[in-house]
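A.B. asks: Fit chain B to the known structure of chain A by using the hints.
2 protein chains.
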Amino acid sequence: MQASTNEIEFYFDFSSPFGYFTATKIKAIGDEFGREVSWKPFMIAAALKVTGGMPLPMVPLKGEYSKRDMERTSRLWGIPYKQPDKFPISSQAPCRLIYWLQAAAPDRQEEAILKLYEAYFVQGLDISSPAVAAQIISSIKGSEEELIAVTQNPEMKARLKDECDLAIQKGVFGSPYIIVDGEPFWGSDRLDQVQEWLRTGGF
Amino acid sequence: MQASTNEIEFYFDFSSPFGYFTATKIKAIGDEFGREVSWKPFMIAAALKVTGGMPLPMVPLKGEYSKRDMERTSRLWGIPYKQPDKFPISSQAPCRLIYWLQAAAPDRQEEAILKLYEAYFVQGLDISSPAVAAQIISSIKGSEEELIAVTQNPEMKARLKDECDLAIQKGVFGSPYIIVDGEPFWGSDRLDQVQEWLRTGGF
Chain A
617 MQASTNEIEF YFDFSSPFGY FTATKIKAIG DEFGREVSWK PFMIAAALKV TGGMPLPMVP
677 LKGEYSKRDM ERTSRLWGIP YKQPDKFPIS SQAPCRLIYW LQAAAPDRQE EAILKLYEAY
737 FVQGLDISSP AVAAQIISSI KGSEEELIAV TQNPEMKARL KDECDLAIQK GVFGSPYIIV
797 DGEPFWGSDR LDQVQEWLRT GGF
Chain B
617 MQASTNEIEF YFDFSSPFGY FTATKIKAIG DEFGREVSWK PFMIAAALKV TGGMPLPMVP
677 LKGEYSKRDM ERTSRLWGIP YKQPDKFPIS SQAPCRLIYW LQAAAPDRQE EAILKLYEAY
737 FVQGLDISSP AVAAQIISSI KGSEEELIAV TQNPEMKARL KDECDLAIQK GVFGSPYIIV
797 DGEPFWGSDR LDQVQEWLRT GGF
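In order, the protein sequences belong to chains A and B. Each residue of the first sequence is one higher than the last, beginning at 617 in this note's numbering. Each residue of the second sequence is one higher than the last, beginning at 617 in this note's numbering.
Please note that the accuracy of each hint is not assured.
The list cannot tell twin chains apart, which means a pair is met if one copy fits it or any two copies do.
As the list claims (entries may be wrong) - Derived DSS-like pairs: lysine-lysine, alpha-carbon spacing no greater than 25 Å straight-line:
(1) Lys665 to Lys683
(2) Lys702 to Lys683
(3) Lys698 to Lys683
(4) Lys683 to Lys786
(5) Lys698 to Lys757
(6) Lys665 to Lys777
(7) Lys698 to Lys773
Worth flagging that the hints you see were computed from the coordinates, not collected in a lab.
Just chain A, same shape as in the assembly (with noise of 0.2 Å):
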């Protein structure tokens, strides 16, 4: 059995507030059950283009609901959080950042995503910025010169394409969504489930 296939796939968009609430407790829930995170940064209008759903704030009744419940639950699980002016975003520039480090500097994925969603999510900063990105990652790997260009990277802009594509192929529809052993959960009022899939080996 290779390696790959026990981790925890987790799929996320920057944009995607229960995405950045999943993102800090994911790998708490790996080491639990001594799993490795596979960190899936990924398009949400991609996958929007085939289920043919729009941005959640943008969505009558369920936009403004779903505003509630961002901040509601982020109060409940202790989260700082505070919906940016400018929302949702492209995810482009910073989706780009992390498959790069992924290859740059592997064991700090985490915390750049963690970064990059705090900087989004508490401080208001518009990540979609290549320069803004770029800024916060260099603080863990390379210069701010450097991660721009990566940003514009052909191959850096094939990869992310290509997962992107992956993941819908995968089934991927949506933003945290986690795939253990083959099993798909969507949402981070999911995170149960795969606590107790992970517990039991599935029921």
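C.D. replies: The following block gives chain B in isolation, referenced to the frame of chain A:
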């Protein structure tokens, strides 16, 4: 303060598996906190006209996932469940019967709702049929003939329409949807937050 302000408002569609799962639990939650349940069957199709959504089983990727998620959740929660061949259905007839029963036998609403849900989601009966729904309710109150007439009664038609309009005015867009002291909660996966809200008076 009127007693009604303290009720747990429970909105659900008869063709919603998560509405069914929640219906099996909501009365016990109310009892735990000394709250009555106000049973509010409504037509999710009316809400989808506002949100621009599609019935869940028809959404690409999400529909297939949801089927799996419903079955998995039923196993985890120990609730008998089998996705009916005809799914989803229009729930006009069972909704009208429940609003009739609200006056005719108010103390037996929960029993009637669970009987309808089990007929559909366990036995696979087509409860969108007035004859089928009437037969189920006749074990509680009224003759089958009388109850079939109820499903076509102009007063009950108007009542259901009013309830759907009011639900949408309140922001209800999905099933189950629960309102506690003005705070809205969507989905069976928010029952933990409903309980926490009842326990703490808000967080």
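A.B. asks: Taking each numbered hint in turn, which are not upheld by the structure, reported in ascending numerical order?
C.D. replies: When the structure is compared with the hints, numbers 5, 7 turn out to be violated.
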